[in-house]
Amino acid sequence: MSNSVISVISRFLEEYTSTTPTKLKVVDSYLLYILLTGALQFLYCLLVGTFPFNSFLSGFISCVGSFILAVCLRIQINPQNKGDFLSISPERAFADFLFAHTVLHLVVMNFIG
Amino acid sequence: MASQSIKTQALTPSHHLSLSDVARLQSLLSQPFTDLESAYYSVVGLTKLGAVIPDQNEVCHFLKSELDPASVDSLFFAVETSQAISGCEIPVSNETRDILLAAVSEDSTMGQIHRAVSALGSLGLPLASQEVIGALTARIEKEDNVMAITSALLAASRLSQQAELGGILEEIEDLTARLDDLGGMYLQFEEGLEATAMFVTAAYSLSDHVGVEPPLKEDQVIQLVNSIFSKKSWDSLAEAFSVASAAAALSSNQFHVPVVVRTHGPATVSHSQPTLQLLVTDVMSQPLTSANVLVESANAASSKSSILSQAPFTLNDGIFEFNFMSSQPASGYYQFTIAVTGDKRLVANQVELKVKVSTEVAVTNMDLSVVDKDQSIGTKTTRVDYPSKAKSSFVADSHQYFAMAFQLVDVNTGVELTPHQTFVRLHNQKTGQEVVFVAEPDSKNLYKFELDTAERKSEFDTISGTYSLCLIVGDATLENPILWNVADVVLKFVDEEAPATIQPKTLYVPKPEIQHLFREPEKKPPTVVSNAFTALVLFPFLLLLILWFKLGANISNFRLSPSTVLFHVGHAAMLGLMYVYWTHLDMFQTLKYLAIIGGVTFLAGNRMLAQKAVKRCVSR
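Chains as they are written, first to last, in my numbering: chain R, 1 to 113; chain B, 114 to 733.
Keep in mind that a hint or two might mislead.
Unchecked claim - Listed below are several chain R residues computed to face chain B (Cβ distance under 10 Å; list not exhaustive): (1) Lys25; (2) Tyr30; (3) Leu36; (4) Ile112.
In short, the hints are calculated from the structure, not lab data.
Where is the CB? At the ideal position from N, CA and C, for every residue including glycine.
Model the full assembly from the supplied sequences, consistent with the hints where possible.
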């Protein structure tokens, strides 16, 4: 049982490193960074309690929001998905990404207290 | 007197001039005067109250010396005052007469017209009534206030009875409509007491002169009485004079004489004081000796049963008396309806009165006994007579109970009574503890009290000892409340606790101070932990940079064009704005700056990305 899991994971990693374009790997490392940051914030909250709650929420929502927007960007610039996003060029996706981030950071900064 | 089939709650005067008020008014009016106006108010006012004017020759001399024959006011005061004292004649010349006649025109003020007409009338000089009426009517159009119209009414009452005074008479009704109703109790002008009192004087003066009843309803008359006589000290001679004039008008006019019915002493009758005494007077406390006073009905307040009907009072030395005890009423409260008849002018002549009949109580058949609970031993009953005390004390322990039976009777009639307060009080002489019980009558009005030692031990705090037993009897209708130490009772309780001295209740000592608890700040984690985590959170960023470096991400494609530079600068500025927003700004300011920076960044970025897109399509 554990053998097959390990073999699945190693196969996955092999495929990933060989077939994924560099641009997408850049975005993926960004996603990992966001994930780790969010997880650390959550761990801190579990350890010391929720005071001040609004700050925790804004930090966590920022991580979650950034993660979601980066995933959207990754989907839209993936050349394999070109057929689904005919009207949206990679530049347009990036511009949308920046605009959505502006709005997200405005809200987060308002809420951080 | 026609008996009223419908019993309406008519208004009765709540204020009038008592004898002391009349005396106070007289002393105010008797103050020495220094000018003609004060002389007029004093002398004429005192005359209206029926007082005698002292030193009449001196007054006459004063009037003649102070008189200014060229002034209408001076003539009015002097002439009117001279009419009030005997043997005083103000000499009058032709010029005086002409001055007075000239004042009677529609160009003079209403006050002037009134004073001239009165002076002319008092001096016996001829006057054309029709001319005066014309001047008054014309003047009423111009001077519409209350005092002016009151002066017009007073002037009209000095004219010939054959003159056409109907128009002026109608002004009474108009003025009545202008009175302010306060709570249904008072009716007065907003101009004040003097205006209201002078209006009453003038209205009755003119009505009497013409012989027409003034259009005032009975309730309105009483409300006017309340307003005028509610003030018991007066600010000026003019105000005192107006009250005296109103009092005289209301006690002696031809149409409405308000009646004031007061009890002489408390409204209580008993065997020692069997007569109910009433003072029936007018508003000036002058007794109406010609009136007939009778009890129209007397009902018991609780049962509403009728005791009396149409029973007359007898007049005895100015006081109306009625022997109520001769009807042998039971003790209690009675509602009397009293009617004053004999003169059809009387107003508010039906009065409701609450009369109390009190009596004396006696305690009879007081039997004390100690009863065994299982009734194996026969009970021994001791009779005690009021006011002596039982010779031996009674002992009751937990197997027995103490019983008391007695009757309360009316001394005079022998009827059994149930007073409001029948208490049995047990007082521990050593500890000062006191317990009070209520004795209840049974259906035959026999009072019984039982003290079960075992049941009642909690009231006594199970303290055994000698208790003195007192009977307390009281009621509002009893003249002799009873506090009788009947016997001593020794109570033995089981499970006795150590007797605690009775503490007076600490209700009024300062209470412990409440310390205000400020809101505790939330527990924060130690600074070490927060700092550690802050560093930890920055660690993934380091990881990101390492990964990007390993992947070979670089900025070698960076074209140094104005739009690119502008875009990056603008973007950095937006991030900086976010930080400044967190530290200094509010949302509105931020949005303002964001609009500017964002706009620039958007345009630059748009251009930059378009260039990139073109490059991408070309390289394809």
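Outcome of the hint check:
Satisfaction of the interface hint for Lys25 (chain R) is found here, the shortest Cβ-Cβ separation to chain B being roughly 5 Å, below the 10 Å cut-off. Because the beta carbon of Tyr30 (chain R) sits about 6 Å from the nearest beta carbon in chain B, less than 10 Å, this interface hint is met. The restraint placing Leu36 (chain R) at the interface with chain B holds, with a minimum CB-CB distance near 4 Å, inside the 10 Å limit. Below 10 Å, beta-carbon pairs count as interface contacts, and Ile112 (chain R) has one with chain B at about 6 Å; its hint therefore holds.
When the structure is compared with the earlier hints, no violation turns up for any of them.
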